[in-house]
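One line per chain: the protein sequences are A and B, in this order. Residue numbers for the first sequence, in the numbering used here: 32 to 309. Residue numbers for the second sequence, in the numbering used here: 102 to 421.
There may be inaccurate statements among the hints.
With a cut-off of at most 16 Å between alpha-carbon atoms, the simulated EDC-like pairs for lysine to aspartate or glutamate come out as follows [unchecked claim]:
id	chain 1	residue 1	chain 2	residue 2
1	B	Lys-152	B	Glu-416
2	B	Lys-117	B	Glu-143
3	B	Lys-339	A	Asp-118
4	B	Lys-123	B	Glu-133
5	B	Lys-118	B	Glu-148
6	A	Lys-295	A	Asp-118
7	A	Lys-270	B	Glu-266
8	B	Lys-402	A	Asp-220
9	A	Lys-270	A	Glu-280
10	B	Lys-339	B	Asp-360
11	B	Lys-110	B	Asp-132
12	B	Lys-118	B	Glu-139
13	A	Lys-295	A	Glu-72
14	B	Lys-123	B	Glu-144
15	A	Lys-93	A	Glu-72
16	B	Lys-402	A	Glu-284
17	B	Lys-407	A	Glu-217
18	A	Lys-271	B	Glu-266
19	A	Lys-120	B	Glu-139
20	A	Lys-93	A	Asp-289
Because the hints were derived from the structure by calculation, they are not lab data. None of the values given here were measured: they were computed from a predicted structure.
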Amino acid sequence: MPWFQRKTKNIQETSPREMPDGLWTKCDRCGEIIYKKQLEEHAYTCPKCNYHFRIGTAQYVKLLFDDGTFVETDTHIRSADPLEFVDTKPYTERLRDAYRRFGPSDALTIGYGSIGGQRISFGCMNFAFIGGSMGSVVGEKFVRAVRRSLQEHVPLVVISASGGARMQEAAFSLMQMAKTSAALTELSDAGLPYISVLTDPTTGGVSASYAMLGDIILAEPGALIGFAGPRVIEQTIRKKLPEGFQSAEFQLEHGFVDMIVHRKELRPTIIRLLRLLT
Amino acid sequence: MSYVLEFEKPILELEKKVAEMKALAGTLELDEQIADLERRIEELRAEIYSKLTRWQRVQIARHPERPYTLDYLAHSFDEFIELHGDRCFRDDPAIVGGLARIGEFTVVAVGHQKGRDTKSNLYRNFGMPNPEGYRKAARLFRLAEKFGRPVVTFLDTPGAFPGIEAEERGQAEAIARNLFIMAQLRVPIVVVIIGEGASGGALGIGVGDRIVMLENAWYSVIAPESCSSILWRSWEYKEQAAEALQLCATDLERHGIIDRVVPEPVGGAHRDPQTMFATMRHILLEELSGLSSVPPEELVKRRHEKFARMGVWEELSVEQ
Ligand SMILES: [Zn+2]
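Based on the provided sequences and hints, a complete structural model is requested.
Structure (structure tokens):
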């Protein structure tokens, strides 16, 4: 059985919608039919057009960490429903469904492990879990990842993928932007590196807080990165957005990311950066 | 009153009647009727305003005659000198700021600024800042720290501007950077939500030691209309969205997100601005006094603890 179909106790499963099961898969961008094994060898990017498939935390852990060193923590923290929020269905129902389908990590998995022999505190957002939205749990887990960095005096690496704040927690969600940013000032005061990796998509409250506060900000090719979503911008200015607007390449050009890194190069790049910074 | 909210229409009807009667001039009998009607108007207003829905408060927060940042700076403060520009790109009229004096305190004041009419609203971009607005604020926060002056910010925005240029110049980074800067600023910060507190665009100047909020202001992660369009996939559920979001001052005080609710005159801040300005002055003096003797290290530590506590989650007893 391929590793990505294995049920690992502590590791987030990938959304089936994003990575269909089966032997073959079709590139969303160029339509190339790719053999699953080949896709895995290419770190879930299209060998023909370099399109980066959305992947989950399990895949990032496998790609980044020294084998078997990653340990997930804090899976016992669960979203509550402080506002008893009901839209077209109750928030509690959405949560139950998301926990059942995607596991206990909520929209952020945190833990620690070694990468090129360097121990790090690590976070990876799970876009499949309610759009990677940041509610109280994401904020609290982010802060705990920062605390681990401080306690163990190790760097922090966080991979972001989020549509923004979790609306069902309203003002509580909004405050997570301040909470996570405040925690990062402590990391900064301690002189510890924070590498922020932006993947598709990183928008809204996450981009306007910890995702954009990395000492070094890396982005995957083609990732959508911005504050407002493209649809909202189009509605506001009543114009069609230019090609490539809010792409990782756009952000590099405008000075908001340090480098665009192909997923295959992510591990060696982080290892080199950490060696130069620690 | 030139602008009437839907739920105030019954009051307007009575006011029209009074005006008509007054035009008919004064027999004693008529005078008594007028006085009687005026009493009824006040009773009706008090009744309507004693049981406002959340959506009605959102409408009051957006009332075009509501006092804005520059009004408070002109009337609640003793002195204000506006300072312009982010030293980087341009001056953003959607965020104003400068040096201000109130009683014994010299402060750096920063706030969102809306316009009153079409022309001034275009100039102020309806109070929706671009990145340079947040960067002007950041520059002023650093100025405050350098000279050891407290910071007072006023929140009143429908949101950070979602535009092409705003994205090109890094709206997300500008807001994120301010959260970071405000979290570590070594001077007291008092935040006042005076009107609309829409999402990151509001929070971008909203991290502080004391967060106070006017009775009819709203503050949340999204405006009720947008929330309705996303979660209900229709613009029609704004009332329900406002209820669900619990975006009013008393809600947020109950949830520990703000520290204090500031009462407004009956009928809203715009009905009696002089009283509102006096209340604001009083509240700010109290809040600034309360923070003035706290050493910088302690201020920053408490501020971090305050925000670290925010949020509600469950912790299962065993890791599962
Ligand atoms: Zn392809």
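Against the structure, the hints:
Proximity of Lys-152 (chain B) to Glu-416 (chain B) is assessed by CA-CA distance (about 37 Å); at most 16 Å being required, the pair is judged violated. Of the supplied pair hints, the one linking Lys-117 (chain B) and Glu-143 (chain B) holds, its CA atoms being roughly 14 Å apart against a limit of 16 Å. A threshold of 16 Å between alpha carbons decides the hint, and for Lys-339 (chain B) with Asp-118 (chain A) the separation of about 11 Å falls inside it, so the pair holds. With a C-alpha separation of about 11 Å, the suggested pairing of Lys-123 (chain B) with Glu-133 (chain B) holds against the 16 Å cut-off.
Taking the CA atoms of Lys-118 (chain B) and Glu-148 (chain B), the gap is near 19 Å; set against the 16 Å cutoff, the hint is violated. Distance check on the hinted pair: Lys-295 (chain A) and Asp-118 (chain A) sit about 41 Å apart at the alpha-carbon level, beyond 16 Å; violated. Taking the CA atoms of Lys-270 (chain A) and Glu-266 (chain B), the gap is near 13 Å; set against the 16 Å cutoff, the hint holds. A C-alpha spacing of about 13 Å is found between Lys-402 (chain B) and Asp-220 (chain A), which places the hinted pair at or below 16 Å, so the restraint holds.
Restraint check for Lys-270 (chain A) and Glu-280 (chain A): the C-alpha separation of about 21 Å exceeds 16 Å, so the hint is violated. For the hint pairing Lys-339 (chain B) with Asp-360 (chain B), the CA-to-CA distance comes to about 27 Å; that exceeds 16 Å, so the pair is violated. Distance restraint check for Lys-110 (chain B) and Asp-132 (chain B): the Cα-Cα separation of roughly 24 Å exceeds the 16 Å cut-off, and the hinted pair is therefore not satisfied. Using a Cα cut-off of 16 Å, the hinted pair Lys-118 (chain B) and Glu-139 (chain B) holds, with the two alpha carbons roughly 10 Å apart.
In summary, the hint linking Lys-295 (chain A) to Glu-72 (chain A) is supported, as the alpha carbons are separated by about 9 Å, within the 16 Å threshold. A hinted pair counts as satisfied when its Cα atoms are at most 16 Å apart, and Lys-123 (chain B) with Glu-144 (chain B) does not qualify at roughly 20 Å. At most 16 Å may separate the alpha-carbon atoms for a hinted pair to count; Lys-93 (chain A) and Glu-72 (chain A) meet this at roughly 12 Å. A C-alpha spacing of about 37 Å is found between Lys-402 (chain B) and Glu-284 (chain A), which places the hinted pair above 16 Å, so the restraint is violated.
Straight-line distance between C-alpha atoms of Lys-407 (chain B) and Glu-217 (chain A) comes to about 14 Å, which keeps the hinted pair within the 16 Å bound. A threshold of 16 Å between alpha carbons decides the hint, and for Lys-271 (chain A) with Glu-266 (chain B) the separation of about 14 Å falls inside it, so the pair holds. Our distance criterion of 16 Å between C-alpha atoms is broken by Lys-120 (chain A) and Glu-139 (chain B), whose separation comes to about 46 Å. For the hint linking Lys-93 (chain A) to Asp-289 (chain A), the alpha-carbon distance of about 24 Å lies beyond 16 Å, and the restraint is violated.
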